Amino acid sequence: MPIDKRVEFARALDGVGDGATVFITGFGGAGFPNKLIRALRDKGPKNLTLVVNSATHRYSLTHELIANDQVRKVICTAARGHDKEPSAFETRWMAGKIELEMVPQGSFTERIRAGGAGIPAFYTPVGFGTELTKGKEVRRFGDRDYVMEEAIIGDLALVRADIADRTGNLVFNYAQMNFGPVMATAAKLAVAEVRTVSDDLLPRERIQLPGVYVDRVVAV
Amino acid sequence: MPIDKRVEFARALDGVGDGATVFITGFGGAGFPNKLIRALRDKGPKNLTLVVNSATHRYSLTHELIANDQVRKVICTAARGHDKEPSAFETRWMAGKIELEMVPQGSFTERIRAGGAGIPAFYTPVGFGTELTKGKEVRRFGDRDYVMEEAIIGDLALVRADIADRTGNLVFNYAQMNFGPVMATAAKLAVAEVRTVSDDLLPRERIQLPGVYVDRVVAV
Amino acid sequence: MSALNRLQITWRAAQDITDGQVVNLGIGLPVHCSDYLRPEVDVTLQSENGVIGVGPLAEKDKADTDLVDAGSRRITLRPGASIVDSSWSFAMIRGGHIDVTILGAFEVAQNGDLANWDMRVPNRGPLVGGAMDLAACAREVRVIMEHVTRKGAPRLLERCALPLTAVKCVSRVYTDLAVVDVTPQGFVVREMVAIGREELQARTGAPLTFAPDCKPLTAPPIEVAD
Amino acid sequence: MSALNRLQITWRAAQDITDGQVVNLGIGLPVHCSDYLRPEVDVTLQSENGVIGVGPLAEKDKADTDLVDAGSRRITLRPGASIVDSSWSFAMIRGGHIDVTILGAFEVAQNGDLANWDMRVPNRGPLVGGAMDLAACAREVRVIMEHVTRKGAPRLLERCALPLTAVKCVSRVYTDLAVVDVTPQGFVVREMVAIGREELQARTGAPLTFAPDCKPLTAPPIEVAD
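Chains as they are written, first to last, in this note's numbering: chain S, 1 to 220; chain E, 1 to 220; chain Y, 1 to 226; chain B, 1 to 226.
Simulated from the structure, these hints should not be mistaken for lab results.
From a predicted model like this one, the values you see are computed outputs, not experimental measurements.
Treat the hints with caution; some may be incorrect.
Derived CB-CB ranges, DEER-like [said to hold, decoys possible]: (1) S/R139 / B/G152: 35 to 45 Å; (2) S/D200 / E/M94: 23 to 33 Å; (3) Y/D42 / E/M1: 26 to 36 Å; (4) S/E131 / E/R144: 24 to 34 Å.
SDA-like cross-link-like pairs, simulated, lysine to any residue; straight-line CA separation at most 20 Å [unchecked claim]: (5) B/K168 / B/G96; (6) S/K136 / E/R139; (7) S/K136 / B/V167; (8) S/K134 / B/G96; (9) E/K134 / Y/V41; (10) B/K168 / S/V138; (11) E/K73 / Y/L127; (12) B/K62 / S/Y174; (13) E/K43 / E/D155.
Just a sample of chain E residues kept apart from chain Y, beta carbon distances all over 12 Å, derived [to be verified]: (14) K46; (15) F108; (16) G135; (17) M148; (18) D199; (19) V220.
Note that CB positions come from ideal geometry on N, CA and C, so glycine has one too.
Based on the sequences and whatever the hints tell you, model everything.
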């Protein structure tokens, strides 16, 4: 059977359950899979661990999952609200109802890449001597100190892209790419929400993420 | 001054000296920077360490550097000759005149990527329990054993590509890409040999390696 | 006796590839598996040099010298194919994104250890390429090889004598005489040609168990042009 | 006294950016440096979200919501610009491919320690973004900040009191009062406004040395629209 990863929107998250570790793309205002985030809220699995650049970005609907009390833990690089009132995340975090693991952004993305690339751990100079790496192994190479960071692997990746084809090949619009490639590689199930699905298979020059990494495609 | 990395061929290797660690691209018959390899032979620096996928590929002129006794050590994934007679590499290797570090190809490329990405070391399952990782640190993560591999950084990268622009942006032809991106990132001086230099700056959709990583461009 | 020839072994291995799999075929004999896939099967062939979606070999007058696979063969691309750099290609392999790899081998041990990279040929340099990555990290590692060496020595062994490629990685071996699974209980014969169990055991360097439903190993006639 | 305003500080920092550099400008005040580059200077501006070759802000009617920088500003691309994914973007930063980063800060210590990510605001979640990567790994880390806090407390200190972003990373600090280098001998004032050395020292939390050729710190008039 010709490979065909297109699914109905209603089935995009089939099989996702409580306790899942969920990657959500988006950064700098671009690339938020907001339709899939809302579908995840409507589906309602609990005790999720979200791996998302920001827990509080204005343009991302990530906060809806948090406000709906589906989230046990957030691994992110930013968790500060924008309004005078504390955000959904901050309220729950201060009340001890949600766990926070704050990671420098380069280590965040590299840990996810490592997860998709079969690398269990690596060393980085970033964060050495700071409270974000407290308790992490420190090791000297040459004349510099490094900390060991471990891979992040997820159950589900929600990825926003611009164009897909039926084999899951993806094209991103400008800076929409951000975490899409690494998150798709590190998740057991990668679901892409795209503006449009091309009738033809995409030409190789345009493909920014090979379909091998994408399990389901939905046009929204 | 507008960025302009185009140089005359005669000056492509200016500043390269004895003892340099040199990356050379190419794999599977594609992407050998043969004009630059020959220029390096003609220039004549000695005691080079070559980091090259194969020391003996038929289509690469790497063997000329070896036959010219410019090479102290080769880090590679393949060093077997193709003819009945031993290759230039094999003759010198058997005579103890050239050092060989054989690395599984994924670790080879990842060590170079690490060099360009500021990662001094990482763990990989590849090579565990084999003689290629003898003496390397072994560490268990979860239920599997991994070996630690260290980054490779070089002084010079010779990169073959198809099209460049004056800012060093590169486009590769098909599988010519192979080690080009990682090697350019891990070298202090990256020189690209291309079929043609575009008069216009390349459009972002076509750029496969940002010019930030390329120091000199020569059309050959 | 009706031993399979080399291409018939690849045919047999190809029959086990299932729809939608991402497959890496080793340089040499294994790449021929792509000629014998079941017609209803749509697979993605990955090559270590970064080609995802390898198509048939190129016709001579249409070949591009830069469109090659890891074995330097001039190929075509399937529709929807893409090409990535080496670091992505091996991240794909090491990260477990290859469902099946089919590799040639010198020796396989009953615990799944594989030796396929270094024959210790005197006066020749070594060559490992991507063999260790594929063997250690593909989700399933299957092997194609002659059941015994040219001198008649077994290749299925209690322990490999040659340098290892990866430990405990092989799940199934296709030979000219049998299809053998590597299980926690050692080698289990799933299919065999009509040479008799004792004879097969005699040509094998480790104890064989025979599956309760052990079947005849057959393949359609395929000519080997040497 | 002729202290610089905020945009004049960015102007001063921009004057030190030299031809051909790859530069990352931090979110907030530092991004304004791009408005004041010397005309003969051609630089490549990188943003953490993967844009290499950031151009001026987009006009409203031409903006694409996906063409943004790390600060969510809608931007344009310079000719020759490219966009990479996050792993490439931070490999570029961590790998030392950023020549200069200019960052905002709360505190800088005399050994170059930087605190710029966590003010310990009660009831607010933390935010680190790419600050630690840039601070730890850019080839040169320069800081823009007011010389003292709103309450008048010094920001140039013997030791940072706030949580560190990176250790021993800052090479130069631009404030409204001075340009201060971080050297193995501590803070060295290169330029200062006309407030007198004693007054500058009084507003600084660590010993200052004055360069033999210490110059007046001046900038052209720039209006700050608040």
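Going through the hints against the structure:
Remark: the range hint 35 to 45 Å for S/R139 to B/G152 is upheld by a beta-carbon distance near 42 Å. The given range of 23 to 33 Å is broken by S/D200 and E/M94, whose C-beta atoms sit roughly 54 Å from each other. Checked against the hint of 26 to 36 Å, the pair Y/D42 and E/M1 fails, with Cβ atoms roughly 53 Å apart. Range check, S/E131 to E/R144: Cβ separation about 31 Å, and the 24 to 34 Å hint holds.
Our distance criterion of 20 Å between C-alpha atoms is met by B/K168 and B/G96, whose separation comes to about 16 Å. Pair hint S/K136 plus E/R139 holds up; C-alpha atoms about 16 Å apart against a cutoff of 20 Å. Between S/K136 and B/V167 the CA atoms are separated by roughly 16 Å; this keeps the pair inside 20 Å, and the hint holds. For the given pair, S/K134 sits about 24 Å from B/G96 by alpha-carbon distance, which is inconsistent with the 20 Å threshold.
The hinted pair formed by E/K134 and Y/V41 fails the criterion: a straight-line CA distance of about 41 Å is larger than 20 Å. Restraint check: the Cα-Cα separation between B/K168 and S/V138 comes to about 17 Å, which is no more than 20 Å; the hinted pair holds. For a cut-off of 20 Å, the pair hint linking E/K73 to Y/L127 stands: about 16 Å separates their Cα positions. Simply put, B/K62 and S/Y174 have alpha-carbon atoms about 14 Å apart, close enough for the 20 Å limit, and the pair holds.
Restraint check for E/K43 and E/D155: satisfied, since their Cα atoms lie roughly 16 Å apart, inside the 20 Å limit. The beta carbon of E/K46 sits about 22 Å from the closest Cβ of chain Y, which is more than 12 Å, so the claim that it is off the interface holds. Chain Y draws E/F108 into its interface by the beta-carbon criterion, the shortest separation being 8 Å against a cut-off of 12 Å. For E/G135, the shortest C-beta to C-beta distance to chain Y comes to about 15 Å, beyond the 12 Å cut-off, and the non-interface label holds.
Listed as outside the interface, E/M148 is consistent with that label: its C-beta sits roughly 15 Å from the nearest C-beta of chain Y, beyond the 12 Å cut-off. For E/D199, the non-interface assignment is confirmed: its Cβ lies about 23 Å from the closest Cβ of chain Y, beyond the 12 Å cut-off. With a cut of 12 Å on Cβ distances, E/V220 stays outside the contact zone with chain Y, its closest approach being about 15 Å.
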